[in-house]
Amino acid sequence: MMARRYPIPAGRARVEEVIRRSRFITTADYAPTVEAARRFIQEIRAEFADASHNCWAYLVGPPGSTAHVGMSDDGEPSGTAGRPMLAVLQGSGIGDIVVVVTRYFGGTKLGTGGLVRAYAGGVKAILEALPLTEKVERTTVQVRIPYALFEPVQHILPDYEAEITNQRFAEAVTLEVRLPTENIERFTAHVREMSRGQAAFSFRDTP
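Quick note: the sequence shown uses the working numbering, first residue 31, plus one each step.
Source of the hints: derived by calculation from the structure; they are not laboratory data. Worth double-checking, as some hints may not be accurate.
No more than 16 Å apart at the CA atoms, straight line, and that leaves these computed lysine to aspartate or glutamate pairs for EDC-like [said to hold, decoys possible]: (1) K154 / E77; (2) K154 / E47; (3) K165 / E191; (4) K165 / E223.
Just the calculated beta-carbon pair ranges, DEER-fashion [said to hold, decoys possible]: (5) A66 / F180: 21 to 29 Å; (6) D80 / T195: 16 to 24 Å; (7) G123 / E181: 35 to 43 Å; (8) A219 / R53: 56 to 64 Å; (9) T195 / E164: 18 to 26 Å; (10) R68 / Q184: 19 to 27 Å; (11) H185 / E164: 22 to 30 Å; (12) T204 / K154: 19 to 27 Å; (13) R198 / K154: 45 to 53 Å; (14) D80 / R34: 39 to 47 Å.
We treat Cβ as the ideally placed atom computed from N, Cα and C, and that holds for glycine.
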């Protein structure tokens, strides 16, 4: 089952480290789509166009997911940059994230083990500095109820982190209610019980 809520970056962050005269600059940001991740990577590549390498990894979706991931060694020996970066992201418990580690070569080779430690270490460092927020999958529920239930339903909305986004008054009251997807089953059961089966529902996903 996909996570209904999970930590995501709340904004961009950057850390720097010098390892045996090579300068490593790690930048991370929120990436809700693969397109957003690729735009970010291109932006950082343009910012550090004179760097030796701009290695990257991204994970779009819930923490640990593998459906929408990407990585690149950008000229470093195969498997020494992108893969260890992605492995750290997948074990981080954070979703919708993209990271670029920029390297300015300092003249001293690090070896494959040293490169893996440097690139993975850059990602670990940025994760400690990264501000986080929570992504909550939400659904809009259209609820049709008798007039007598309008105020009682309003009263229970906070219990389900729900808000009314639209309302219409005709022969009955029709409310559009936006709430976390994980709360839908309990909310609709509660309203159905309150209305003694008179309430009618329809659903649509919302970002």
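For this session: Mind checking the alpha carbons of K154 and E77 for me, to see if they're no more than 16 Å apart?
Result: violated (22 Å)
Is it true that the C-beta distance of T204 to K154 lies inside 19 to 27 Å, as the hint says? violated (51 Å)
Taking the CB of D80 and the CB of T195, does the distance hold inside 16 to 24 Å? violated (49 Å)
Exercise for the section: Kindly confirm whether 21 to 29 Å is satisfied by the beta carbon distance between A66 and F180. Expected result: For F180 against A66, whose Cβ atoms are near 40 Å apart, the range 21 to 29 Å is violated.
When you take the CB atoms of H185 and E164, is the distance between them in 22 to 30 Å?
With Cβ atoms ~26 Å apart, the hint holds.
* Asked: Is it true that the C-beta distance of G123 to E181 lies inside 35 to 43 Å, as the hint says?
  -> Distance hint for G123, E181 holds at roughly 41 Å.
**Item:** Distance restraint hint 39 to 47 Å, applied to the beta-carbon atoms of D80 and R34
**Value:** holds (43 Å)
Whether the CB-CB distance between R198 and K154 falls inside 45 to 53 Å: holds (52 Å)
Check whether the Cα positions of K154 and E47 lie no farther apart than 16 Å. Holds, at roughly 12 Å.
Does 56 to 64 Å hold as the CB distance between A219 and R53, or does it fail? holds (57 Å)
18 to 26 Å was suggested as the range; check whether the CB atoms of T195 and E164 agree with it.
Hint holds: Cβ distance 20 Å, inside 18 to 26 Å.
A range of 19 to 27 Å was offered for this pair. Does it hold for the Cβ distance of R68 and Q184? For R68 and Q184 the Cβ distance comes to about 44 Å; the hint is violated.
Checked against the numbered hints above, the structure violates hints 1, 4, 5, 6, 10 and 12; every other hint is satisfied.
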